[in-house]
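Visitor: Whole structure, please, built from the sequences with the hints as guidance.
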Amino acid sequence: KGSVFTLSLPQSLVRNPGKALSPEVRTMPPALLDTPVVSVAKKTNERPHILLVEDNPDMRQYIRNFMNNLYIITEATDGLEALEVLKKITPDLIISDIMMPRMDGITLAKTLKEDKRLKNIPFITLTAKADEAGKVAALRTGIDDYLTKPFNAEELAARAANLIRNYGVRKTTLLTANATVNAPAYQDTMIAAMKDTVLQHLEDAAFTADELAASRNMSLSSLRRLLKGASGLSPGQFIREIRLQQARRLLEAKQYPSVAEVMYAVGFEKASYFARLFSERFGKNPSEYL
Numbered sequence: 029k030g031s032v033f034t035l036s037l038p039q040s041l042v043r044n045p046g047k048a049l050s051p052e053v054r055t056m057p058p059a060l061l062d063t064p065v066v067s068v069a070k071k072t073n074e075r076p077h078i079l080l081v082e083d084n085p086d087m088r089q090y091i092r093n094f095m096n097n098l099y100i101i102t103e104a105t106d107g108l109e110a111l112e113v114l115k116k117i118t119p120d121l122i123i124s125d126i127m128m129p130r131m132d133g134i135t136l137a138k139t140l141k142e143d144k145r146l147k148n149i150p151f152i153t154l155t156a157k158a159d160e161a162g163k164v165a166a167l168r169t170g171i172d173d174y175l176t177k178p179f180n181a182e183e184l185a186a187r188a189a190n191l192i193r194n195y196g197v198r199k200t201t202l203l204t205a206n207a208t209v210n211a212p213a214y215q216d217t218m219i220a221a222m223k224d225t226v227l228q229h230l231e232d233a234a235f236t237a238d239e240l241a242a243s244r245n246m247s248l249s250s251l252r253r254l255l256k257g258a259s260g261l262s263p264g265q266f267i268r269e270i271r272l273q274q275a276r277r278l279l280e281a282k283q284y285p286s287v288a289e290v291m292y293a294v295g296f297e298k299a300s301y302f303a304r305l306f307s308e309r310f311g312k313n314p315s316e317y318l
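For the sequence shown, our numbering assigns the number 29 to the initial residue and increments by one for each residue that follows.
Honestly, the hints are just simulated from the structure, not real lab data.
Incorrect hints may appear among the rest.
Once the Cα atoms are required to be at most 27 Å apart in a straight line, the calculated DSS-like pairs of lysine-lysine come out as [as the list claims (entries may be wrong)]: (1) K177 <-> K144; (2) K312 <-> K282; (3) K223 <-> K147.
Guide: Okay, structure coming up:
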């Protein structure tokens, strides 16, 4: 079973915890972005397969027009239709709206997590809700990432590429490993414990993969095998992913007045390095949140 990053924000990092986020709803611009996106297509002619679940035809067209050259796109108009489609295909990624008739995106995600064939497929939600509680609820369901409408199509493409790439590594590792029946449950427990350890050392820029392995009484090579199989990430990438997701949470909540303060709060020391990693991971610069 793949890992799910459900991150709890330490109180020490939050200022004005009662401050609510104001929802932002704008009309999606009809013009498509012309910024090139790096393809994550496989070395063969087969492109990664995305299931797009969205009841708004204009939004489906917007996403399809931007990503159609990179991926095979199959569409569904709500969660129930998506379940019917998933009886015939196993996509590399699911992109789903939350608010839909008949079956919403959260219910769809919960249903998939109960299916052994489908539970590890990466899942991105699209929502018009800008409140932090809604985002946390989505992540707790087992959803890998979220985007609040209106969003930049390049940002969606960047996040999709990252999730599909990690999913491919994870599938390859699991297929070649001699996993036991109890391995997924063990992996989940270990991933959750290691995530908590990283959060406890979030402000420590010197916290290393060796220290993470030692905290679980594991060798670095054992930690590497576990994380690769569960998440497709190396130990260093795992630590960095948690730091970056916390940085995004802080930036979205606007709890710090500057990018530099957020950067230090999550354990980065060089602004250019932090900005580059953040942009590569989320498709936008951290300064765009302020």
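Visitor: Each hint should be assessed against the structure and marked as holding or not.
Guide: We went through each hint and held it up to the structure:
Our distance criterion of 27 Å between C-alpha atoms is broken by K177 and K144, whose separation comes to about 31 Å. Our distance criterion of 27 Å between C-alpha atoms is met by K312 and K282, whose separation comes to about 16 Å. Simply put, K223 and K147 have alpha-carbon atoms about 20 Å apart, close enough for the 27 Å limit, and the pair holds.
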